[in-house]
Amino acid sequence: MNRGWISFRVSFIAALINYLFYPTRKTQHLFILNSPGTLIYLLVYVDDIIITGNNSTVIATIIDRLNALFALKDMGQLHYFLGVEVVHHGAYLVLSQRKYLREILHRAGLADCKPIATSISTSHVLLPDDSPLLDDPSRYRHTVGALQYATLSRPDIAFVVNKVCQFMHAPTENHWTGAKRILRYLKGTIDLGLWIRHNTGYQLQAFSDSHWSPNLQAYLDFDWAGCPIDRRSTGGHAIYLGSNLISWSARKQKTIPRSSTESEYKAIADTVAELIWLKSLLRELGLNSKAPTLWCDNLGATYLTANPVFHARTKHVEVDYNFVCEQVTQGNLKVKFISTDDQIADIFTKPLPSQKFEFLRLLTALNLRGNIRLSRLV
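Residues 1 to 378 (the UniProt record's numbering) make up the sequence shown, in order.
No wet-lab data here; the hints were simulated from the structure. Don't take every hint at face value.
What the hints assert, rightly or not - Cut-off 16 Å, straight-line C-alpha distance, at most; resulting in silico cross-link-like pairs (EDC-like, lysine to aspartate or glutamate):
no.: 1; residue 1: K252; residue 2: D270
no.: 2; residue 1: K334; residue 2: E274
no.: 3; residue 1: K99; residue 2: E173
no.: 4; residue 1: K187; residue 2: E274
no.: 5; residue 1: K26; residue 2: E284
no.: 6; residue 1: K334; residue 2: D270
no.: 7; residue 1: K73; residue 2: D48
no.: 8; residue 1: K356; residue 2: D342
no.: 9; residue 1: K26; residue 2: E274
no.: 10; residue 1: K180; residue 2: E103
no.: 11; residue 1: K99; residue 2: E85
no.: 12; residue 1: K187; residue 2: E103
With these hints in hand, go ahead and build the complete structure from the sequences.
If you want it as structure tokens, here you go:
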């Protein structure tokens, strides 16, 4: 790590503490100033800084003082941060990465490609050694690596990007075809942005899913042994604060499940861990919320959380089982059943037909930057 940057960070943090800011316990990048009548948040990443709060006079004073010490450049209202464009649209903020996506398309030689409606086909299977190896795998690795960062504002590609990331070591022509399909999808949806609405409340709720498709033909609700390579499952979640999607994930589970309920329960445990972290962060921000609700479309897993009686058949998920049940018993969490048709997390665990994909994409609050159609949000 650059010593100059380390020195700057140490000095900058010392200055913030001198101005009565304190660091949050949940992230090293966020600092808070909380005094009677004043609440200021300051986010710093390397040398990029965001500051916001309820007292514009105090904010201006802090900027002037920091500028005197570090020669900062005040960029005014937030419009761009770490490659993410921020558009102010009435009661909404819209987060997008149009410029970044155009750069990816250009570097991949697909700036003028033909758009496509979905990022992955329901019949397209990616396997190791399924076609000849690429002569130059670097383009694949650079493209897929860049796509990982694009998921910051595009939850709709999280699942498929996770898939193509699994073949970085030896990408084939078929894998490159899959990556190009993602780019073609992004070409046609480049104006989509993640909408964040003001004042929707501080209630957390989550949707958890794992996708079962042992023969890669039946697209059900869990991915028990779904990967044909190692029979691991894909778990996913979507977490909302009010009506705003603030956390999502699509990830292959680390262990091979022995049943669909076990697969789903592991996904629940991972989601609960994220909920606990977010709730703690909100508490540090001065925002207290009620016990979050986690929606699951597996009756067996939902029943286990509500009936803390340990069974021999669940001993292989004992740690996850005890962790989740403890949170439910203590009143920190509610787990409820939701039908498959209403399971938003499906978009993070399986390929979907275009109509279902577009419906769930809208529920993630992804929409055209100039178009407000958010009535179906949670």
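Tested hints:
1. K252 with D270: This hinted pair holds, its Cα atoms lying about 12 Å apart.
2. K334 with E274: Since the Cα atoms of K334 and E274 sit roughly 14 Å apart, the hinted pair holds (cutoff 16 Å).
3. K99 with E173: With a Cα-Cα distance of about 27 Å, the restraint between K99 and E173 is violated, given a limit of 16 Å.
4. K187 with E274: With Cα atoms ~32 Å apart, K187 and E274 exceed 16 Å; violated.
5. K26 with E284: The given pair, whose Cα atoms are some 8 Å apart, holds under the 16 Å limit.
6. K334 with D270: Within the cut-off at roughly 15 Å; holds.
7. K73 with D48: holds, 10 Å
8. K356 with D342: Between K356 and D342 the Cα gap is close to 10 Å, so the pair holds against 16 Å.
9. K26 with E274: holds, 12 Å
10. K180 with E103: holds, 14 Å
11. K99 with E85: holds, 8 Å
12. K187 with E103: holds, 11 Å
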